[in-house]
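Protein sequence lines correspond, in order, to chains B and H. For what it's worth, our numbering labels the leading residue of the first sequence as 1, then goes sequentially. For what it's worth, our numbering labels the leading residue of the second sequence as 1001, then goes sequentially.
Honestly, the hints are just simulated from the structure, not real lab data. The beta-carbon is built from N, C-alpha and C at its ideal position, and this holds for glycine as well. Take these hints with a grain of salt, some might be off.
Stated by the list, open to error - Using 27 Å as the maximum straight-line C-alpha spacing, the simulated DSS-like pairs for lysine-lysine come out as follows: (1) Lys1758/H / Lys39/B; (2) Lys1546/H / Lys1669/H; (3) Lys1044/H / Lys1600/H; (4) Lys1538/H / Lys1393/H; (5) Lys39/B / Lys1546/H; (6) Lys141/B / Lys78/B; (7) Lys39/B / Lys1727/H; (8) Lys60/B / Lys1393/H; (9) Lys1302/H / Lys1757/H; (10) Lys1044/H / Lys1110/H; (11) Lys160/B / Lys1618/H; (12) Lys1622/H / Lys1546/H; (13) Lys1789/H / Lys39/B; (14) Lys1393/H / Lys1381/H; (15) Lys1708/H / Lys1725/H; (16) Lys1708/H / Lys1786/H; (17) Lys1044/H / Lys162/B; (18) Lys1618/H / Lys39/B; (19) Lys1044/H / Lys156/B; (20) Lys1622/H / Lys1632/H; (21) Lys1725/H / Lys1789/H; (22) Lys1204/H / Lys60/B; (23) Lys1708/H / Lys156/B; (24) Lys39/B / Lys1669/H; (25) Lys1302/H / Lys60/B; (26) Lys60/B / Lys1708/H; (27) Lys1632/H / Lys60/B; (28) Lys160/B / Lys1786/H.
What the hints assert, rightly or not - Partial chain B-side listing against chain H, Cβ under 7 Å, derived: (29) Ala22; (30) Leu31; (31) Ala131; (32) Pro182; (33) Ala207; (34) Leu210; (35) Leu214.
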Amino acid sequence: MHRWGMVIDLDKCTACQTCVVACLAENNIALIGPEESAKGRTIHWIELVPYIQGEYPHVKVRLIPRPCMHCDHPPCTKVCPVYATYLNEEGIVAQINYRCIGCRYCTTACPYTVKYFNWYEPRWPDEMRGALNRDVSIRTKGVVEKCTFCHHRLLKAREKAKAEGRDLLPEDYVPACVEACPSGAMYFGDLNDPFSTVSQLSRERRAFRLMEDLGTEPKVYYLSEGM
Amino acid sequence: MKLSRRDFLKMGGGIGVGIALGGGFWKWGQPPPSSKLLPPGIEKWVPTVCGQCLGGCGILVRMIDGWATNIIGNPLHPINRGALCPKGIAALQGLYDPDRIRSPLKRIGKRGEGRWQPISWKEAIQEISNQLRELRENGEPHKLVVLGGRYRGLMRLLWERFLEVYGSPNYIDNQFRWDGIPMEGLFLTQGIHTLFTFDFENVKYLLSFSAPLLDSYWFPIHALKAFGQFRRGRTGQRGRLVQIEPRLSITGMKADEWIPIQPGTEGILALGIAHMIIKEGLYDKEFVLKNTFGFENWVDSKEQTHIGFHDFVLSEFPPQRVSSKTGIPIDTIIRLSREFATNQPSLAIGYRDRPFHQMAVWALNGLVGAIDRRGGILIPKSIPFQPFPSPSKDRAARKGLERKRIDEVRESPFGIDQPYLFAKNSISGIPYRPKILFLYYSNPFFSNPCPEFFQRAFDQIPFIVSFSPYMDDTTQYVDLILPDHTPLERWQDDPLFLNNGFPVLGIRQPVTPPIHQTRATGDVLIDLARSLGGEIEKAFPWKDFKEVLLYGLKGIYESRRGDVFGLEYDEAWIRMLQRGGWWDPSYKSFEEFWELLLEKGGWWDPIYEFGERERIYKTPSKKFEFYSQGIKGVLLSSKGEEDSSFLPHWEESVPKEEEKYPFILNIFKTMALDGRNANQPWLQGILGPHLFEKWATWVEINPITASKYDISDGDWVWVESPHGKIKVKARLYQGAMPHVVNIPFGNGHRTGGRWSKKIGENPYRLLGLELDSLTGQPIHGNTRVKIYKA
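Kindly generate the complete structure, drawing on both the sequences and the hints.
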């Protein structure tokens, strides 16, 4: 069984946000205009989170790309009253938008704040609707959505491998953010395979995870800057 | 096909996902714009070249049912090898922007009022050709001016050809960018006007003087992609980046060290570092001896002695002086000079500062021999397009071409065009006033400092035509709009090169038929020539721009160089063959070549020849010049014989009215918006990640300074300069220097579509018109402002 995970090398990351826009395009994320943005109602399944430390001139700023951590012990699934969010057998924290009742317990429980509530019906101008990704459903008002590790790509890749009568290869399945990264800072793969790139990198000296003390066991690893 | 909710859940472990179901599943808002070439729901990936900025990335556009539904990098394109920057993906929103100009528009109200009458293409072309004919009949063809912006390829030659046979010397290149390519530094030291590249991937120590590497580099993908390699692509060697800049930018955050510097003093710091390198004897003595001119004192043919860079820098730029001007401690200057000189290969890069400041940074590269070497400055070979046959000109054209250019550029030392002088002369009418103005890829009312100046110039021009696909501040002010296709709808060539100097030619092809009643400007130009008739028509024997492209490509086919794009390992194979005098491309005929170009995305020549001195050094001495003899010939009359005028030196711009305007204004650019693309919501949503800023213009203020002025985070404030004021949101930022305030450029369009109009403010409205005497461009970082609560 696979256990999907991601590694983000902050030393190579340029904070360009290609991952952010690639995700918006891939996953039909609603257009959020200036008014709703000002209310903090933006939806970004992956987003750059700033950590500003120190005072001028001794300042250190880190910009950390933060998708869903796909925790092995996710706090969000434990509070969902309708089993709309759960940990699937391959380690992906899934969200069934159509089962969600919009109670937002999970958005509160998630320490990484990666669960997003649809405050209104997502809308696109007529001129743009045809450009939506046909592989991903559109959400409705009042449901929670989140990063799926582009799970629809996994489904497609599996179908394809099956049709070609072969096993799923590591390069068959890559989320949109990892695919687009210009500096090659993002890696994706099977953490259960000890020889996979992600698995090896996750054991590197520079590896760390966000808020490890909470015991959520995230499957997104970071490699710190510097030597 | 219909799915019940239950089916849906069963199918995918239910992660909110529908598999590609194609046609019937969606109820689309409107029928697809093109005829269906593919069966419903079947995807096709069409290779083309992104046109969102000048990076030149190869892209694959995912077409389903005639709609472009996604964009990824073309894995075969050597510039990006499958990667992209955020702008590339947002091209979808540029294509489907609901507020695009949908047909030619004729102004019916007053200028700038925004009342338009849609007209047909036939009428539009008729109208322009009437105007053009009249101008020629009056014997004033030189009064046609084309203001062109940032784009690449044969289109430029086509414009110049049109003007040549029409009889106007006035193609004006309006590429205003402080963060643009520092070309003057290259010209002063190496005598070259064309582009160069930095071989980032092989650099060990990168010293950046406010270069916006990861913020808004001129070819973003080149820097972004190289950064990963620079950091961790080589075993056992991690590249070190030091960012010297007045503001903690993204580049500064990602650098190993950020050194805040007084704005505008980067040049003197470079000279201070040069001073220490020379004093400690750390420079590359062999390179300096063999390949440079003007390092030591020298004697000219009249037996007059001139001071060299060595003595000049030692006497003029001791660390004490440099430290007091820049605010950087002496020990840091000493440390930087030692690090820079001893960590080879090292490279110093700057921004488009004043020419001799650029030259100061370039001189550092000369000291360590970072010219034409791995991890240095490279000069790529050009792409062998077939040149257009020289056109025959009629009497009117020949007479028009004898006239002086309106921006008097032939007298300009760097040979770069001077859009400000064009505006000034249009206002004054000396030497003459333009009568017809074409705007191509140019929006001076927004993206040039002091936009009002251009507006005053435009008031003097009776007939203005814009070719912009979107409504923008300048297009709003014209008489006729002939909307161009967006890049995803047109044919174009994109000649560029890799960081390692390999020439690359991307082919831009339409992924979809035009969505609206727009036409490619290249095709329109050919039509115009045809309707003017005579010699003008004869100079354009092509049916449309695609034929022009094919004509140019013949030269590449016949050059017996390079091959169409292939996998990375093909590179070594092609190189090996060519070195051995062989050439074995994947194609046998021109038709096959063309088909493969469209399929793979382009052509490249994966070879860089080191040591071809005549290509690298085009200076009078055929060497790297610490003492610029090239500029001396031009400037002698105005600047006198003073040697220091031709050596890298520092020109202080004196701060004015410090009591009234206590802050220095620093305008920066972001990855998302560099003047274009504000009509794309995805990019508006990622403007300032370090402060969570989206859809806005903000001003970054040091928190201690802000508390002195009683300004809190998020307050609305006025930023006022002697030239104007704007109301923006104050953001307290530890990465701001206490006496410098920082404002991003990119928003503040006064007109445009629903996503760009009246979002934020344009900081260029705070700038004055103090121009650099050498380049004719506004001077960077000498505007002071005050701030008060709104």
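For the pair supplied as a hint, Lys1044/H and Lys162/B, confirm whether the alpha-carbon distance does not exceed 27 Å. holds (21 Å)
27 Å limit on alpha-carbon distance, applied to hinted pair Lys1708/H and Lys1786/H: Holds, at roughly 13 Å.
Does Lys1618/H lie within 27 Å of Lys160/B when you go C-alpha to C-alpha? Distance ~56 Å between Lys160/B and Lys1618/H Cα, so the pair is violated.
Is Lys60/B close enough to Lys1393/H, meaning Cα to Cα at most 27 Å? With Cα atoms ~63 Å apart, Lys60/B and Lys1393/H exceed 27 Å; violated.
Regarding the hint that Ala22/B lies at the interface with chain H, is the smallest CB-CB distance below 7 Å? Result: holds, 5 Å to nearest chain H Cβ.
Does the nearest C-beta of chain H fall within a distance shorter than 7 Å of the C-beta of Pro182/B? holds (4 Å)
Holds or violated: Lys1632/H and Lys60/B, Cα atoms, limit 27 Å. Violated, because 45 Å separates the two Cα atoms, which is more than 27 Å.
Given Ala131/B was flagged as interface, is its beta-carbon under 7 Å from a beta-carbon of chain H? Holds. Min distance 5 Å.
Quickly compare the C-alpha distance for Lys60/B and Lys1708/H to 27 Å and report which way the hint goes. At roughly 24 Å apart (the allowed maximum being 27 Å), Lys1708/H and Lys60/B satisfy the hint.
Please work out if Lys1393/H and Lys1381/H have their alpha carbons no farther apart than 27 Å. violated (31 Å)
Does Lys39/B sit within 27 Å of Lys1758/H, going by the straight-line distance between their CA atoms? Given pair Lys1758/H, Lys39/B holds - Cα atoms ~19 Å apart, limit 27 Å.
Is the straight-line distance between the alpha-carbon of Lys1708/H and that of Lys1725/H 27 Å or less? The hint holds at about 21 Å.
Checked against the numbered hints given earlier, this structure breaks hints 2, 5, 8, 9, 10, 11, 12, 14, 18, 23, 25, 27, 28, 33, 34 and 35; the rest are met.
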